[in-house]
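Turn these sequences into a full structure, and let the hints guide you.
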Amino acid sequence: MRPVFFLSDHNAMDRALIPGRGEGGFAMAGSPAWMTGNGAAAPRGTRRSAAPRGGAGDVFLLAALAYRFGNEDDAGSLHEISRGISRVEVEALEENASYHELEPLLHLVCEDCASLGVDLSLPRPVMEAWRSAHARETVRATLIHHVAAKTLSALACAGLRVVPLKGYYLSARYYERKSARGFRDLDILVEEEALGDLDRALSSMGFRPRPERPSFVPAPAHTVYFLALEDGETVVELDVHVGMHWPAEYERRTRFRAADLWRDAFPETLDGLPVWALRPEHLVATTLLDLAVNHRFARLVKFRDVLEIIGKSQPSWEELVRCCRDWMVASYVGPGLWYLRELDSARRVPDHAPASVLPSYPLMRRFLRTLPLGHLPSHRARSFSLPNLIFFLLADTPPERLRGLLHIPHHLMRGRRPA
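In this note's numbering, the protein residues as written are 246 to 664.
There's no promise every hint is true.
Label pairs and their in silico Cβ distance ranges [to be verified]:
1) M450 - P492: 25 to 33 Å
2) G517 - A403: 13 to 21 Å
3) R648 - T387: 39 to 47 Å
4) D505 - G441: 18 to 26 Å
5) D505 - V333: 41 to 49 Å
6) R500 - L631: 26 to 34 Å
7) A493 - P604: 20 to 28 Å
8) Y606 - R500: 13 to 21 Å
9) P368 - A401: 42 to 50 Å
10) G299 - P492: 23 to 31 Å
Note that these hints are calculated values from the structure, not bench results.
Bear in mind the structure is a predicted one, so any value in this text is a computation, not a measurement.
Every residue gets a Cβ at the ideal spot worked out from N, C-alpha and C, and that includes glycine.
The structure is reproduced here in structure tokens:
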């Protein structure tokens with residue numbers, strides 16, 4: 246029986262692609278097993294490197310995250326930072342780049358610096374690993390685009406309004422260098438009342454559900470479907486959203502309403518495909534909400550997502566502020582805007598945006614002091630750490646902050662892991 250490779254399964258791909266992990270080693274070029282590959286290790290819950298937080302490696306990662314292609318000043322700054330990276334910090338840089346899904350971007354940044362005549366003082370094996378990760382992500386993206394072209398067209402023909410989300414959509418619609426953004430599956434937003442029609446349409450196309458996965462949508466639909474490609478070995482996953490995929494407690498802590506997204510959604514064409522799209526303010530807000538609630542700000546690639554979005558479609562910052570207040574999500578979007586302002590020397594996020602959104606209650610100030618920007622590269626979403634415990638206390642209203650405090654023992658029992 247031949248193995249089946251899920252494009253979203255890092256561990257299976259590691260065993261298939263990295264010598265020493267499993268029996269097969271590298272598959273030959275052209276083989277479906279090779280085509281699914283990502284040499285990066287799956288994101289880990291805790292950091293393994295002994296490098297101190299906030300060192301030159303972390304500074305380099307943050308500077309590369311906000312890098313402007315073709316900008317000689319940004320390239321020169323990376324050159325100077327790279328000269329101060331120690332050997333132990335190189336190990337941390339590799340680990341953090343993998344965890345935060347930044348390897349494809351880092352490869353393109355290194356290439357761009359070289360094209361500007363700027364040499365980065367990084368070990369060649371590190372840059373070669375980033376090059377390999379970029380190549381594998383490019384092939385993975387090609388396969389997902391192949392599935393998306395058929396799927397989105399068929400769903401449109403079935404009369405369904407579908408909003409593509411996350412990596413697939415952002416790379417195609419907003420990224421200046423499309424291959425800088427890797428992704429593992431196809432995410433779509435649909436209206437809840439259309440779930441029955443969606444399930445029937447996907448089934449008719451050969452998609453099958455994965456009922457063992459956590460469910461965020463009501464029956465008869467499922468949250469995760471998969472489609473086996475023609476080779477019989479490669480599988481592409483599709484994630485269905487009807488709102489935010491987050492813990493149920495945030496349905497109570499906030500007033501987020503998916504109906505607001507649909508009220509302002511509009512039809513557009515994406516790579517020749519008929520789709521629906523969110524207005525930029527909603528796209529920025531939901532990206533930062535996902536970063537905060539689901540990742541505790543420990544997925545740096547999402548900061549790059551926001552920079553690419555506002556670089557192409559400048560949002561109305563006043564509308565974003567209003568949206569955060571209406572949804573009662575300022576405690577989650579505000580820190581993201583604050584980090585972006587600190588991260589980006591080009592000030593693509595104006596100073597008044599985080600100032601207008603970020604709450605000023607004591608726990609929020611404590612959270613930002615405990616988790617400054619320089620600590621984000623080494624921060625882990627599932628680590629047992631003070632910032633993650635404080636995060637559970639953040640909310641826009643005092644009653645919800647108190648409720649979060651009462652839940653701390655529950656989180657302590659669930660998450661005893663070293664930081």
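Looking back at the numbered hints, which does the structure fail to meet, lowest number first? none
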